[in-house]
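Novice: Read off the chains here:
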Amino acid sequence: MKPFLFVLALLLSLTASFLGAQAPEPPSILVTRQLAEREGLAVGDLVRLAADARGERARTFRIAGTYEPTPNPLRLGLVPREVRLHLPDLLALTRDPDTPAGTERVSSVNVALVDPAEARRFAQDVNARTPGVFARRAAGAAGMGSIFVVLERFHYAIAAVTIAAATVFLLALTIMLVDERRETVGVLRLIGLPARRILVQVLLEGLFIAAAGALFGLALAAAAEGLINRFFQWRYDTALVFVRVTPRVAALSVAIAVPLGAVATVAASWALLRRRALRLARR
Amino acid sequence: MSDAVVAAQRISRVFPMPAGPVVAVCDVTLTVAAGEHIAIRGPSGCGKSTLLHMLGCVDAPSSGTLVFDRRDVSTLDDRARSLLRLRHIGFVFQRFFLLPMLTAAENVELPQAEAGAPKRERRARSLELLAYVGLGARADHRPAQLSGGEMQRVAIARALANRPRLLLADEPTGELDQTTGEQVAALLDRVNADGTALVIVTHDPVLASRARRVLTMRDGRIDHEAAR
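Line order of the protein sequences matches chains A and B.
So the first sequence is numbered by this note's numbering: it starts at 1 and just counts up by one.
So the second sequence is numbered by this note's numbering: it starts at 1 and just counts up by one.
Keep in mind the hints are simulated off the structure, nothing from the lab.
For clarity, every value in this text was computed on a predicted model and none was experimentally measured.
Cβ coordinates follow ideal geometry from the N, Cα and C atoms, glycine included.
Wrong hints could be hidden among the right ones.
Under 8 Å between C-beta atoms, here's a sample of chain A residues computed to sit facing chain B [what the hints assert, rightly or not]:
no. : residue
1   : L30
2   : T32
3   : A53
4   : G55
5   : I191
6   : L193
7   : A195
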């Protein structure tokens, strides 16, 4: 039995306690949006569910509503066609016929805390108070945490390679742009502008262009964020967010791009300004 | 000479090359007095342009002394030499070297702006100079909209922007037809007559003959000097 079914059922168990075992109405369930769309189900429909593929001991339920399942990156590509049952209904549906009611066993239970930051202390407290029960934070459960740490490092590696490649590209582009202006620089030098004055001008231009480029890049990223999310959410039928440009990411991008652009411009210009003015002016 | 604008004392210029050093100018002594008109002639590669660039503080001599306005140029750093060029020396080149993105008036304004002239004053000065060179009506035209002769006249106006004591011209009529070249030569004569010392490097004997002193260079040295 899948643990998450227990969890969901547990969350609804209080509601279940108000329902009598002899209720004339079939018990209610929730179905995922994906399942409802796939099977053409609607709120109020009666469905029969069984715990095995042969449909033995099937029971009738009424659909009380649909829900969007919490996106799970680890189950990407698996369309969640699931139902949520009240815990007693779930137990009744899945219990072995030979097992008396009330003697069922579960192997794990997820507990949602009001303050997630308390998770570690809560786990320590449970472990200390309840021998035979092992409590741990969900973030570290089933190796999920380590997977995301690896993913994050992978992203950092990609970012580092991208920045290195972009720097080379930017330098090459800047050298080309500055070289395009060599005649102008040469004329300014011949007129009598000191190299430092030209360098300051170029630095200001470089800062402006780099800032404008960074803002353009952010606008592009914001637009791409929506497109990428929409495409993959459609592709995998999930509410999972694939790309998110946070203020921290935006600030970091600008903090890297602007100095990098300015330094690249100044470096390229400095190489040019070291040449003789007449050689610059004469192509 | 007390009224010397620039005085070169045994200046030489050697360019280090992979195949060995090339001596472009060798042991030249020359004084340009205020208001003087000098032409430098000679075959290609004789060092006349290099000499002109040294007189204009664009290039520095490898040896010898160059004094501009009683200041030893060899003791000046890049900024000081640039300011000297900006305020006291005008350049006119064969290929005009106007900034294509600026209008004629803006090209003339540029050296004044760098010299710190107020905007209104430099605008008025630019229009006055463009009128002086006969291009008052073309102030707002960009170089691409001007003929070769007009571009060279704008270049002369730009060279005069900061009222230089010395105007240096490197083949100023080299890219112009004969008629236009004569107009530019006449304009340069007028600039000189108005008090600016003028040194022209040219292949053109007619243009050279307008100068009061004609220096002929050969192999980096002044081979012959004639006065009119």
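Novice: Under the criterion of a CB-CB separation shorter than 8 Å, is L30 of chain A in contact with chain B as hinted?
Specialist: violated (68 Å)
Novice: At a threshold of 8 Å, is the proposed contact between A195 of chain A and chain B supported by beta-carbon distances?
Specialist: Where the cut-off is 8 Å and the nearest Cβ of chain B is about 6 Å from A195 of chain A, the hint holds.
Novice: Quick check on the hint: G55 of chain A CB to chain B CB, less than 8 Å?
Specialist: violated (81 Å)
Novice: If you take the shortest Cβ to Cβ gap from I191 of chain A to chain B, is it below 8 Å?
Specialist: holds (5 Å)
Novice: Would you check whether L193 of chain A satisfies its interface hint, that is, whether its CB is within less than 8 Å of any CB in chain B?
Specialist: Holds: closest Cβ of chain B sits about 6 Å from L193 of chain A, inside 8 Å.
Novice: Tell me if the interface restraint on T32 of chain A is satisfied: Cβ within less than 8 Å of some Cβ in chain B.
Specialist: violated (63 Å)
Novice: Does A53 of chain A hold up as a contact with chain B if the rule is Cβ-Cβ below 8 Å?
Specialist: violated (77 Å)
Against the hints set out earlier in the document, violations occur for numbers 1, 2, 3 and 4.
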